[in-house]
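Residue numbers (our numbering), protein chains in the order written: chain A, 296 to 690; chain B, 576 to 1461.
BS3-like, lysine-lysine: derived pairs with alpha carbons at most 27 Å apart:
| id | chain 1 | residue 1 | chain 2 | residue 2 |
| --- | --- | --- | --- | --- |
| 1 | A | Lys-403 | A | Lys-561 |
| 2 | B | Lys-734 | A | Lys-642 |
| 3 | B | Lys-1017 | B | Lys-944 |
| 4 | A | Lys-642 | B | Lys-721 |
| 5 | B | Lys-1171 | B | Lys-1093 |
| 6 | A | Lys-323 | B | Lys-1445 |
| 7 | B | Lys-1171 | A | Lys-338 |
| 8 | A | Lys-642 | B | Lys-897 |
| 9 | A | Lys-304 | B | Lys-1460 |
| 10 | A | Lys-529 | B | Lys-1280 |
| 11 | B | Lys-973 | B | Lys-993 |
| 12 | B | Lys-721 | B | Lys-739 |
| 13 | B | Lys-718 | A | Lys-642 |
| 14 | B | Lys-586 | A | Lys-677 |
Computed beta-carbon distance windows for the label pairs:
| id | chain 1 | residue 1 | chain 2 | residue 2 | range |
| --- | --- | --- | --- | --- | --- |
| 15 | B | Tyr-704 | A | His-622 | 16 to 22 Å |
| 16 | B | Ile-939 | A | Asn-681 | 25 to 31 Å |
| 17 | B | Met-644 | A | Gly-595 | 57 to 63 Å |
| 18 | B | Asp-770 | A | Glu-572 | 39 to 45 Å |
Residues from chain B that keep clear of chain A, each with C-beta distances beyond 12 Å, as calculated:
| id | residue |
| --- | --- |
| 19 | Gly-729 |
| 20 | Lys-734 |
| 21 | Ser-812 |
| 22 | Ile-922 |
| 23 | Leu-982 |
| 24 | Asp-1157 |
| 25 | Phe-1208 |
Hints listed in this document are in silico derivations from the structure and should not be mistaken for laboratory results.
Glycine included, every Cβ here is placed at the ideal spot set by N, Cα and C.
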Amino acid sequence: MSEVTELEKLIEERLRGRVPAKIVEDAKNVLKKYTLTREELEKILEMIVEEYENNIIDPGEPVGTVAAQSIGEPSTQMTLRTFHYAGVRELNVTLGLPRLIELVDARKTPSTPLMYVYLDEEHKYDREKAAAIAREIELTRIENVTLRVDVDIFNNAVIIELDPEMLADKGLTIEDVKKVLEKLRTKKARVVISERNPNEIVIQFEEGIDPSKIEKLRDRILKMKIKGIKGINKVIIQRRGDEYVLVCEGSNLAEVMKVKGVDYRKVRTNNIKEVEEVLGIEAARALLIEEIMSVLEEQGLDVDIRHVMLVADMMTRTGTVKQIGRHGVAGEKPSVLARAAFEVTVKQLVDAASRGEVDELQGVAESVIVGGYIPVGTGRIKLVYNPYLKESSFQ
Amino acid sequence: MSMSSGEKFIKAIKFGILSPDEIRRMSVVNIVSPETYDEDGTPISGSVMDPRLGAIEPGQTCPVCGNTMRACPGHFGHIELALPVINVLFVRHIYDILRAICAKCSRVKLPPNEMERYRTYLRKLRERYPLLATRFAEYLKRKAIKMSVCPHCGAKQPKIKLEKPTTFYEVSEDRKEMTRLNPITIRSRLERIPDEDLELIGYDPKDARPEWMVLTVLPVPPTTMRPSILVETGVRSEDDLTHKLVDIVRTNERLREHIAAGAPQIIIEDLWELLQYHVTTYLDNEVPGVPPAKHRSGRPLKTLAQRLKGKEGRFRGNLSGKRVDFSARTVISPDPYLSINEVGVPIDVAKVLTVPERVTPWNIDELRKYVLNGPNKWPGANYVITADGRRLDLRYVKDRKSIAESLAPGWIVERHLKDGDIVLFNRQPSLHRMSMMGHIVKVLPGKTFRLHLAVCPPYNADFDGDEMNLHVPQTEEARAEARVLLLVQNHILTPRYGGMIIGAIQDYISGAYILTSKSVLLTKEDVVDLLAAAGYVGEIPEPAILSPKKLWTGKQIISLFLPEDFNYHGRANISAGHLRCDDIECFWDSYVVVRKGKLLLGVLDKKSIGAEQQENLLHWLTKEYGVEYAKEFMDRLFRMFIRVLEKRGFTMRLDDVSIPDEAKKEINEILMEAFKRVQELVKMYLNGELELIPGRTLEETLEIKILEVLAEARDRAGEAAAKYLDPFNYAFVMARTGARGNILNLTQMAASLGQMTVRGERIWRGYMGRPLPHYERDDLGPLARGFVVNSFFSGLSPTEMFFHAAGGREGLVDTAVRTSQSGYMQRRLINALQDLYVEYDGTVRAADGSIVQFVYGEDGIDLMRAAHGKAVNIERIVERVVGWKM
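Construct all of the structure, not just a fragment, from the sequences and the given hints.
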């Protein structure tokens, strides 16, 4: 016991303040496992400091270009196969290059929105309780519980036959459906449960139905929402360890977080824009990093997280998520020439002319164009050795 | 050229619109004649080919600046337009401004009492947040546009309509008549806008008065930027711009004459319209709604906007990327006897590429020799530049001897490329910085560039006809930077993941494995031979076996090249399946242990010395003993590994993938069993007994299940085949050590190719209900849906061969589509991030000095130095210190 504390004390003494706290903690944990002499330990601690100082990045390093290349180069090796099962066989998820492009494009909605909904203590261990929440979340429309829709033109009625199995599965009664149908606000109509068949609902219109609008009416009825959250098209209950997790096709973070029984701290979506709106820009940045990393990892490509963080920081640094490209980061550069050299050349020049813009030539692209020194790496260093300077003048 | 103090730098560029006055001031001639040349071919004065526009013929002196063609930059002329026309490029702006100002008093329609406030706010914003300032100005513009009554004079505002491309209409208040606004009216309205008002809606009144967006005078660019081409027959072919300018001048003069003659309004209107069309297409020939001006042959003309636009346009094609001298390109081929940082340059190339070398007392004798050798004998020289800057072309000098003698310090000799020079070597696509590295020249006979095989992974090169480029840096600064930063050894580690990108590949791995296997014992002759290949100088170690014959192990040989204080342990690539070992106690020799620089246990294979690996033997050597050491290590050992294979022989042969009859039978049984299960699944599907996977249709469920069954069958067939294969046959050794190929490849060669897929599905497209007419309709069995029973060894049946081709085609299409997509994504990424750099304070900053990250990567660690992204690998440090006794 005392040995360990002595070890820790030594580590604290030698490392604290010289290397980041994380390394100090790591050192404590790792060095505990070994039996070392005092001399060896001193040497190791010395080397840790030396190694850390050695590994610090050089000033001038063009980290942006390195990051872009480190993400761009492996992306040529990605498969284009869009869809992949995301752990669940039931769902397809966009992965690979298309997903990566979608992320750096900062699209408003991903092509396959997906949510992982974790449940609170009360619900997460019980399949039935989980299923109840799933039913509550999943968007159910009339069409999901309907077997047949008939339009009776002679009697000005629409007859809807419901599927009792589906009703039960969704935890609904025919009364619920009736109540929804009553909200159909087109013309004056009466909604009744058929006498012949308890699973049939008849909507009796007072006026005649325009035959040319039957299709429209039918669609409107079928698309009516009975319950659930907008955007959540399908919910699958998945077992993870000892708890149940709801995997949702479609995403609506704000609404799902409000649902009782959902652990709102752990709800997860792959929709960056939504996270930005609901949880803020830092959350969006974190999600962006996670999503890009998971796309790369899924493809078996090893890219360091630092590169991804830099991309995410560039995209989020103004406070809103900006696209990498013409309508975002690259389009808002202060330099006219840099923008013109990227895309929509003529428009950039014309706009710059009418605004009387001044290009200060501080960036890389502009410097290349005018033939100046490139303001990264060795091009930033302005120190010049003057061999003719007399030694005496140093004093 | 050099870093003299007389260097001039462009500090900033201001953009603006040329005013008519300025156009006239910079003009040397007023262009009035539509004819360009008279009968004898001399350019007509006052035409678009006026000699004052610049000297274009060799020997001609410019009447304006007195220079010859070489030095004359060309001079602008101008055309006085008879009537003003709209500049199409600015229509959007004209439209906005016209709507934002009062039709009567030309003030910007913002409340007068608030204007001053906006102005101060805008100025403040401009200082601190320029981007927000433009946004605010844009907002004010929109606000002004919305006002329907002028807050200054109270006039009710007519609606202004833009009919694309260049016609404006005014719809009067009572919404009845549409009156056309001609450019004269528009211009006069724009003229009357006060400067202070313009500032508010984001225009610069000093350099971009809006009335200048309506052209009254058109600048005529110098002839140097629109050279005519002389075809061999002596026919002159003019540049597209010249054609367009002639059109403009002709229409303009006609218009002027008609006005002077007092022609009817309608004719004038028509001509005005025509002039507008010509000016429009002159500026941009791709304006929507305007028929593009065509060349006689029907090809659309390339006018001003087209010159700037796009990949081959001025910006991307000539300003962001330039063509260079002192470069070469040819086919590449391998040469294992080069160092990894060398490049073999064909002698013919070396005689063309030159390095300027300044004559000093120390190199004068050598340079004299080069001058004497001349341009045709290597190593020679192509040019000599005298102290007063004259350039002597040695090709045309009769007496090289006298030049060689007159050589003196201060002269420059452009000598041939020779061994030891530094060059940049590049292979496209240049996706990362390792695509362009510095190599040391080695002049060799032959016609191809030669490179070491270990640098293939960073370049992504192979030798099936790849070509590469070579560039010779011409200044001392460039050469110094290339030597310090760009040499191959500085890129052994990649910043992408903090690991090696250069290392052993293919045969090097096979060789290393064979040399270090336990079963290999070497005689003294072998040892000497191998060490000679590696260029080893020193003592031979004590033999591992002394009697009856002195024999050495391969591990002993490797140890000769390891530093004495080096410790390492880790699994080998072959440590998988039943050969797996997780610690030192390893029967299979698949756990590598190095103590005090002695390789004690384990075979070397891909995991320990391979390329694109991390935290392995080679990685630690590189990190701890430096890149120069690593380079040397690879050079020597890799040559030795090749020698091992040369001595022993290593060839994959057909026998390696042939299996005995009983194996074939076994595989057949496995496949038949799987087929039966597929039939059962199909039957269940037809009877509707198949249990659905939730969220999938019946068909999808069936396909998923069938694919699972067949994939498993293929794997089992592979395992069965592997069981009968000699574990030491060459193909198998390569797969196990990671030299080339994998078990799947072997399975496909020996056992069965398995299911062919297109878009992740079994192949079903083609005929109705069947992919090929060889099968029954709606046959859902494996064979009818692209399962290939045969192996590459046994050969494919015609239908199988077709399915295999279909699956292969998808791969090709996939690659073709993907490269363009990922290329564009990378271009955008680079463009967005290229200005970022690490400041001395450790922050990451953008070009304007604004902070992006306070500490790079949240810990300020350089990825190239940190192994696999870890700031400090403590375990490794412990091993370095006490590994020898662990």
